[in-house]
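Number of protein chains: 2
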Amino acid sequence: MVQVNMETHLLGANELLARRNRQLFKDHKVLVINLMSSPGSGKTTILERTIEALGGQLRLGVIEGDLYTDQDAQRIEKKGVKVIQINTEGACHLDAAMVGKAYGQLPTDKMDLMVIENVGNLVCPAEFDLGEDFTAVVISTTEGNDKLRKYPLIFRQAKAVLLNKMDLLPYTDFNLERFKNDLDQINPSATVFMVSGRTGEGIENWTRWVFEEVKRKNPF
Amino acid sequence: MVQVNMETHLLGANELLARRNRQLFKDHKVLVINLMSSPGSGKTTILERTIEALGGQLRLGVIEGDLYTDQDAQRIEKKGVKVIQINTEGACHLDAAMVGKAYGQLPTDKMDLMVIENVGNLVCPAEFDLGEDFTAVVISTTEGNDKLRKYPLIFRQAKAVLLNKMDLLPYTDFNLERFKNDLDQINPSATVFMVSGRTGEGIENWTRWVFEEVKRKNPF
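Sequences listed follow chains A and B, in order. Start counting at 1 in the first sequence, then tack on 901, and there's your number in our numbering. Start counting at 1 in the second sequence, then tack on 901, and there's your number in our numbering.
In short, the hints are calculated from the structure, not lab data. From the three backbone atoms N, C-alpha and C, an ideal C-beta is built for every residue, glycine too. There's no promise every hint is true.
Pairs of lysine-lysine, DSSO-like flavour, derived with a Cα cap of 27 Å [claimed, not checked]:
#, chain 1, residue 1, chain 2, residue 2
1, B, LYS1011, A, LYS1051
2, A, LYS1051, B, LYS1081
3, B, LYS1051, A, LYS1081
4, B, LYS1011, B, LYS1051
5, A, LYS980, A, LYS1060
6, B, LYS1051, A, LYS979
Each pair of labels, with its calculated beta carbon distance range [said to hold, decoys possible]:
#, chain 1, residue 1, chain 2, residue 2, range
7, B, GLU1113, A, LYS1002, 47 to 57 Å
8, A, PRO1120, B, LYS980, 57 to 67 Å
9, B, GLN972, A, ALA914, 44 to 54 Å
Which residues of chain B face chain A? A few of them, derived with a C-beta cut under 10 Å, are [claimed, not checked]:
#, residue
10, GLU978
11, HIS994
12, THR1043
13, LYS1051
14, LEU1054
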């Protein structure tokens, strides 16, 4: 019982801070995407591709969430984008307080788009609002067909679902039809992008869509 | 601060129950493996292969951990093995209390080997002792090369590490040499098996090793 109350209390505090973040993002006219997936689904590679495509047109910022290491932040920095690394030191998700603190270290009034790459995990990150405009979830063709049903919460909330590693599809038993049917049941309004971070296939559809979302929030 | 105390308290209670489970497993002479990985790394497929190989020689039992659904339990049941499904209803890991309760529903004094398939997650499951004899962690060649360094705790504790999806290795950028070097630094005593749950490649080395571990605990 104490455990349950505790959780409620923590989520309550997180909601307040998420609301504060959301107001700041609105004031600064920055579109914020919370990018989530299982470990190894390809979030960072997709983010690198996104920066390559949009870096010339938009002012970007990135917050990287990892338990340990700054490997992903280093990869993003090489693309010439300002990035803040959060190390959760064992925690399985980012929370609104961590993001609020990291956000303050970015050029907050000089960004059009900020991507928060969450900790690789399909469970905990789904439970913590960071104040983002929307979440995007990456799933890959090599992860099998049962992930949507097993982790419905994270997919139900997503505005965009990226099916990654399309280049490996022919070598797997992944069933596209079943994927579409399951997603239709869990979240029929999600926008789906079939991509390969490795080859770049389909990335343009995704980045064009993101660009439109940025313009919708801030029509310059 | 309250959060930290709470966690300590919960882990303390889990330790007591894990110790109780471990004593029961010892009394009943059953070897217990806690099988962990990221979602979609191939735990269930490897477990199916393990049952096919060892079902004729050993009396097996399985505990399946998932947030929702009993898809995996159904797959295991088809192999003719007694299986208990735990649905964590949102929790990102199994704990010793859940396992103790599920264990009581298995034929406890008539098993040689019990495998606990944990929730797909590289973070939370590593923090909860279930009373197992040892943990085995599955990682797949399609997850990229950075997982060992990003999630060191789960790999540091593992007695066995299974590198799965070897059939997809030629189509990925996964670097075997780097994997071995990273594992040598994090956990040099781990026994490594390179397998493909899909094709069956390398599974025999794993099942022969498990059989020897069972015999070591209970020399019949």
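Going down the list of hints, with the structure as the test:
1. Between B:LYS1011 and A:LYS1051 the alpha-carbon distance is near 31 Å, which puts this suggested pair outside the 27 Å criterion.
2. Only pairs whose Cα atoms come within 27 Å are accepted, and A:LYS1051 paired with B:LYS1081 is rejected, the gap being roughly 31 Å.
3. The straight-line distance between the Cα atoms of B:LYS1051 and A:LYS1081 is roughly 31 Å, outside the 27 Å bound, and the hint therefore fails.
4. With a C-alpha separation of about 40 Å, the suggested pair B:LYS1011 and B:LYS1051 falls outside the 27 Å cut-off, and the hint is violated.
5. Taking the CA atoms of A:LYS980 and A:LYS1060, the gap is near 26 Å; set against the 27 Å cutoff, the hint holds.
6. Proposed proximity of B:LYS1051 and A:LYS979 is supported: the alpha carbons are some 19 Å apart, at most 27 Å.
7. Taking the beta carbon of each, B:GLU1113 and A:LYS1002 are about 51 Å apart, inside 47 to 57 Å as hinted.
8. For A:PRO1120 paired with B:LYS980, a C-beta distance near 58 Å keeps the hint of 57 to 67 Å intact.
9. A hinted range of 44 to 54 Å is violated for the C-beta pair B:GLN972 and A:ALA914, which are about 35 Å apart.
10. A cut of 10 Å between beta carbons decides the hint on B:GLU978: the least distance to chain A is about 16 Å, and the hint is violated.
11. At a threshold of 10 Å, the smallest CB-CB gap from B:HIS994 to chain A is about 9 Å, leaving the interface hint in force.
12. Because the closest C-beta pair between B:THR1043 and chain A is about 4 Å apart, less than 10 Å, the hint holds.
13. Evaluation of the B:LYS1051 hint against chain A yields a held restraint, the C-beta minimum of about 6 Å falling below 10 Å.
14. The criterion of a C-beta within 10 Å of any C-beta in chain A is met by B:LEU1054, whose closest approach is roughly 7 Å, and the hint holds.
The earlier numbered hints that this structure contradicts are 1, 2, 3, 4, 9, 10.
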